[in-house]
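Based on the sequences and whatever the hints tell you, model everything.
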Amino acid sequence: MTQTIKAATATETSLGCRVLTHPVLQHKLTVLRDKTTTPNSFRLVVEEMSQLLAYEATRDLKLMKKRIETPLEATESETVAESLLLISIMRAGNGMLDGMLRVLPFATVGHIGIYRDKFIKSTVEYYLRLPKVVKGKKVLLIDPLLATADTACAAIDRLKQYEVGPIRFVCLLAAPEGIAKMKKLHPDVEICTVSIERELDSRGYILPGLGDAGDRLYDTEGA
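Here the sequence shown is numbered in the numbering used here, starting from 1177 and rising by one per residue.
Be aware that one or more of the hints could be misleading.
What the hints assert, rightly or not - Listed next, the in silico DSS-like pairs over lysine-lysine satisfying Cα-Cα at most 25 Å (straight line):
#1 K1294 / K1242
#2 K1314 / K1357
#3 K1359 / K1311
#4 K1311 / K1336
Unchecked claim - Restraint ranges, calculated between C-beta atoms of paired labels, are given here:
#5 K1241 / P1384: 41 to 51 Å
#6 H1203 / R1235: 14 to 24 Å
#7 L1248 / L1361: 49 to 59 Å
#8 P1215 / T1284: 22 to 32 Å
Quick caveat, the hints were computed from the structure, so don't treat them as lab data. Every residue gets a Cβ at the ideal spot worked out from N, C-alpha and C, and that includes glycine.
See below:
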């Protein structure tokens, strides 16, 4: 028996985040949560969801007029007028990158590798590659999960050193604790997500969550 849980809307605002409540995204999120979903299927669904997220995350891009020729006549149409930079927080962010680029092929791409060292209780940057020109560019910073927000905030700190334009953090799941930290340290950064979860456990994992996104994408075991 099919039950309508709530009226479907494109987005809603919660805890200062833009939450995408589209039924198709919620359906695909259930596939990701399921522990029996294979790595291949997990990767495919992350890519599909990333395409849908790309539309919402760029809804305020500026447009400009362009004169073109259709097969029938000349006309004036619209095209994106802003430069856009996609930054993947490695390694899990790479799982979202292809889906984003299918929708945003005009974007340039950068990678930043940061992890939280549990022994020194601090973040460690081990990789950074950015396009030659990033100053003033609008940024979509992508990572499937916003848990403690330690790595996300460290990545934002680093990007701001390069004087990039407005930053929007795009993820599949966000924990209230991570949202609160990002809003405190970087109140100018908007968060776009599919779900705000219940809480973090003692290890910093999101509950109910979907496990470690990197491990499930690449079929590896957590350290």
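Here is how each hint holds up against the structure:
1. Between K1294 and K1242 the CA atoms are separated by roughly 52 Å; this puts the pair beyond 25 Å, and the hint is violated.
2. Between K1314 and K1357 the CA atoms are separated by roughly 22 Å; this keeps the pair inside 25 Å, and the hint holds.
3. With a CA separation close to 23 Å, the supplied pair K1359 and K1311 stays within the 25 Å bound.
4. Only pairs whose Cα atoms come within 25 Å are accepted, and K1311 paired with K1336 is accepted, the gap being roughly 9 Å.
5. Look at K1241 against P1384: about 47 Å separates their beta carbons, and that is inside 41 to 51 Å.
6. Under the hint 14 to 24 Å, the C-beta atoms of H1203 and R1235, about 21 Å apart, fit the expected range.
7. A hinted range of 49 to 59 Å holds for the C-beta pair L1248 and L1361, which are about 53 Å apart.
8. Separation of P1215 from T1284 is about 29 Å and conforms to the stated range, judged on CB atoms against 22 to 32 Å.
Hint check: a violation occurs at hint 1 only; the rest are consistent with the structure.
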